[in-house]
Amino acid sequence: MKFSINRESLLRPLQQVSGVVERRQTLPILSNLLLRVSGSKLSMTGTDLEVEMVSQLNASVDLEGDITVPARKFVDICRELPDQAEIDVTLKEDRLEIRSGRFRSNLSTLPAADFPAVEVADAERQVTIPASEMKSLLDLTAFAMAQQDVRYFLNGMLIEETGGTLKCVATDGHRLAMNYHELGNGGSEVDQQVIIPRKGVLELQRLLNDCDGDVELAFGGSHLRLSTGAFELTTKLVDGRFPDYERVIPRNGDKHVLANKQDLRRALNRTAILSNEKFRGIRVNFSEGLVTLSTNNPEQEDAEETVPVDYQGSPLEIGFNVGYLLDVLNVIRGDTVKITVFDGNSSALIEDPSVENALYVIMPMKL
Amino acid sequence: MEFSLKRSDLLEPLAKVVGVLEKRQTLPILSHVLLSVEAERVTLCGTDQEVELQTQVDFEAGTIQVQAVGRCAVPGRKLLEICRHLPADAELSFSLSDARLTLTSGAFESQFSTLPAEEFPSLDGYQPPQQMLTVNAVDLGQMLGKSAFAMAQQDVRYFFNGMLFELEDLQFKVVATNGQRLAVVALKEAMTEHQAVGRPIVPRKGVLELVKLLDGVEGEVDLGFSDTSIVAQMTGKRFVSKLIDGEYPDYTKAIPDQPDKRVTCDRGLLRDALIRTAVMSNEVYKNVKLSLQEDKLMLFTNNPLQEQAEESLSVEYQGEALDIGFNIHFLIEALGAMSGKNVSMGFSGQTSPCLITDPDDAQATFVVSPMVI
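Which chain is which? The protein sequence lines are F and H, in order. Taken in order, the first sequence gives residues 0 to 366; the numbers are from numbering that gives the first Met the number 0. Taken in order, the second sequence gives residues 0 to 372; the numbers are from numbering that gives the first Met the number 0.
Possibly wrong hints are sitting among the right ones.
As the list claims (entries may be wrong) - Below, computed lysine-lysine pairings styled on DSBU-like, alpha-carbon distance capped at 30 angstroms: (1) H:K172 - F:K277; (2) H:K236 - H:K295; (3) H:K260 - H:K211; (4) F:K134 - F:K337; (5) H:K5 - H:K288; (6) F:K91 - H:K295; (7) F:K260 - H:K285; (8) F:K1 - H:K211; (9) H:K236 - H:K252; (10) H:K5 - F:K91; (11) H:K15 - H:K241; (12) F:K277 - H:K288; (13) F:K91 - H:K22; (14) H:K295 - H:K22; (15) H:K22 - H:K252; (16) F:K198 - F:K91; (17) H:K15 - H:K236; (18) F:K134 - F:K1; (19) H:K260 - H:K236; (20) F:K166 - F:K1; (21) F:K40 - F:K166.
Said to hold, decoys possible - Per the computed footprint, the stretches of chain F lying under chain H, defined by three or more beta-carbons under 8 angstroms from a beta-carbon of chain H, are: (22) 246 to 259; (23) 264 to 270.
Worth flagging that the hints you see were computed from the coordinates, not collected in a lab. Everything numeric in this text was worked out from a predicted model, so none of it was measured. For glycine and all other residues, C-beta sits at the position ideal for the given N, C-alpha and C.
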């Protein structure tokens, strides 16, 4: 194997692919990247057995071949070489030689045949969506995923293609986020529903960060694959049944509050400081034209603030985890937020009135 | 106690004071900030019992009104967080009653539990300074900034976990070492009059806090020290640090005089080449081999996985060939602390330390001990 490539075209793809590689793992080969050179292409693969990322780029190839090398060291060397450096890579017996200018280094290798490949059955269904839309779906939903919950299927995100929409749902049992995008493809005959693990979601977000144009999602029996052209990310699916989220969304709310998002968010940020550090409870009182936020903590400290809002209805008191409210207000993009409640014991529905295809649910908290 | 002021009056002095508080502490009072309100003076004080910082709210703008004087200790981080989240032009009113401090600002109101001001610890064994000197804040900041990296961390030779402030014969030098590498930086301009004499050792935390505090400060700093503490006073701020009780070793013996092999090269290029080759260095020993030949310097690293890296650089060198080993990070850190374009290195032999100097800055000297290769 022998190829040469410019540092600037190699570095970013290399960093993306090695981002998947876990810092600590039990199998030495999992800390390596698979390099494969054929035709005029270099392909690099990183995996942690749950998520696999492949990048293809042009290189000037002298000799085809494949090998695996330690990801972290390969990245560190390429990063520390000067801008625009020309990098020559040659496999010499079981060492990979990297040369650039007056720098020369030999990396240890492991055989390409030992590299674990994710086995993918043929995709059953493919969907095309603009990268920016896909990213926004994930960004607006991911915060509600559980972390290390025993209900393992909550530690991920539901991605569903149904009736011509692509829908993302996440919940940790206390709050829920749901966003969808109209695909405009007329819909498929069979609904596709998959749960992708937390790590897969985070890697998808990272990849979509610097991506434009369309991306293609392929639903397989045990995998979901996202292709962007230059990159291909495959994630295993979580085997489990996602809760029936439609049942969680309250539809009986009759009290509607419209508030300025920034004002409400800032007031919540201030009052949150003197809430109980563990439970983070906040008391929210709705009254005609006003919402009053109050908190207190075991040190007998308290904070209170009133925010003018648009509300006509009977007074109502409801408790929340202030962190959950802030998480939602942090992702909503519009200037106004709409909160719909039924009573102090029912979940609240939060929406952005300027956006139709997003909704958030927060369960109340006993204070 | 009752007073009101603008958010902008309070935010910076408060943030500085909260910066010295430990995140986790055993005594509740150490998470508090002492708030003292006098007729024409509002001061804030925070401590972690090793260092103490007092800041003063600037009265000049005339936006501060004091209705009643008083003192109390309030939870520092919470007060700062609330101030941060209030609008930029907010007006803050404070009043203390029954050990509870009320803060109101517009539609926002909060109450803090407080602790009595008498319980607030001032630094143990604090004595008024006996020795005083005045230095330029920017110069002092640079001296500390260039040498702080060389201090030890949690070394049993506890005096290495700090920095020596050496004051003698119109000279002021700071010295830091961990036993294997050394940094000595002298004050840019020698003092014109005899100001102070002594060898106080300022602990690591004190040095790092002082570096933070001097960042962006212009004008003069008054330094004063006693047997147990050092005080740095600048406009609106008074910083106190305990001293390390111990004798700093005679560091001058560690500085090689007249190394006969002298190398000069571009500092940035050498540092970048070291950072690259460091990737393949042994993770435990971090060793690098330097091979000197006429006008050429070779760097070489390898590790137990039989991986290796090498790079050669053009340098100015006339002399016999030499192979010598170092901890690569000690070289990288010393080069990183310097500011000039070029670096000059002096060697005497395979077992003698390397003297690193900046041809453009005679004040700073670095020494790195060799390793067996």
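For each hint, the structure was consulted:
1. Restraint check: the Cα-Cα separation between K172 of chain H and K277 of chain F comes to about 49 angstroms, which exceeds 30 angstroms; the hinted pair is violated.
2. For the proposed pair K236 of chain H and K295 of chain H, the alpha carbon gap of about 51 angstroms is over 30 angstroms, so the pair is violated.
3. For the hint linking K260 of chain H to K211 of chain H, the alpha-carbon distance of about 38 angstroms lies beyond 30 angstroms, and the restraint is violated.
4. Of the supplied pair hints, the one linking K134 of chain F and K337 of chain F holds, its CA atoms being roughly 24 angstroms apart against a limit of 30 angstroms.
5. Of the supplied pair hints, the one linking K5 of chain H and K288 of chain H is violated, its CA atoms being roughly 59 angstroms apart against a limit of 30 angstroms.
6. Pair hint K91 of chain F plus K295 of chain H holds up; C-alpha atoms about 27 angstroms apart against a cutoff of 30 angstroms.
7. Of the pairs offered as hints, the one joining K260 of chain F and K285 of chain H is violated, with about 53 angstroms between alpha carbons and a cut-off of 30 angstroms exceeded.
8. About 50 angstroms separates the Cα atoms of K1 of chain F and K211 of chain H, which puts this hinted pair outside 30 angstroms; it is violated.
9. Between the alpha carbons of K236 of chain H and K252 of chain H the distance comes to roughly 38 angstroms, so the proposed pair goes past 30 angstroms and is violated.
10. Using a Cα cut-off of 30 angstroms, the hinted pair K5 of chain H and K91 of chain F is violated, with the two alpha carbons roughly 69 angstroms apart.
11. Note on K15 of chain H and K241 of chain H: the hinted pairing holds, with a Cα-Cα distance of about 19 angstroms set against a maximum of 30 angstroms.
12. At most 30 angstroms may separate the alpha-carbon atoms for a hinted pair to count; K277 of chain F and K288 of chain H exceed this at roughly 53 angstroms.
13. For a cut-off of 30 angstroms, the pair hint linking K91 of chain F to K22 of chain H is broken: about 52 angstroms separates their Cα positions.
14. Restraint check for K295 of chain H and K22 of chain H: not satisfied, since their Cα atoms lie roughly 50 angstroms apart, outside the 30 angstroms limit.
15. Taken as a hint, the K22 of chain H and K252 of chain H pair is broken in the structure, with Cα atoms around 40 angstroms apart against an allowance of 30 angstroms.
16. At roughly 36 angstroms between alpha-carbon atoms, K198 of chain F and K91 of chain F are farther apart than 30 angstroms, so this suggested pair is violated.
17. As the CA atoms of K15 of chain H and K236 of chain H are separated by approximately 9 angstroms, the hinted pair is consistent with the 30 angstroms bound.
18. A threshold of 30 angstroms between alpha carbons decides the hint, and for K134 of chain F with K1 of chain F the separation of about 36 angstroms lies outside it, so the pair is violated.
19. For the suggested pair K260 of chain H and K236 of chain H, the alpha carbons sit about 47 angstroms apart, so the restraint of at most 30 angstroms is broken.
20. About 45 angstroms separates the Cα atoms of K166 of chain F and K1 of chain F, which puts this hinted pair outside 30 angstroms; it is violated.
21. Annotation: proposed proximity of K40 of chain F to K166 of chain F is violated, straight-line Cα distance about 35 angstroms (limit 30 angstroms).
22. Using a Cβ-Cβ cut-off of 8 angstroms, 0 residues of the region 246 to 259 of chain F lie near chain H, which falls short of the minimum of three, so the contact claim is violated.
23. With 5 residues having a beta carbon nearer than 8 angstroms to a beta carbon of chain H, the region 264 to 270 of chain F meets the requirement of three or more and the stated coverage holds.
Of the numbered hints given earlier, the model fails hints 1, 2, 3, 5, 7, 8, 9, 10, 12, 13, 14, 15, 16, 18, 19, 20, 21, 22; all others are met.
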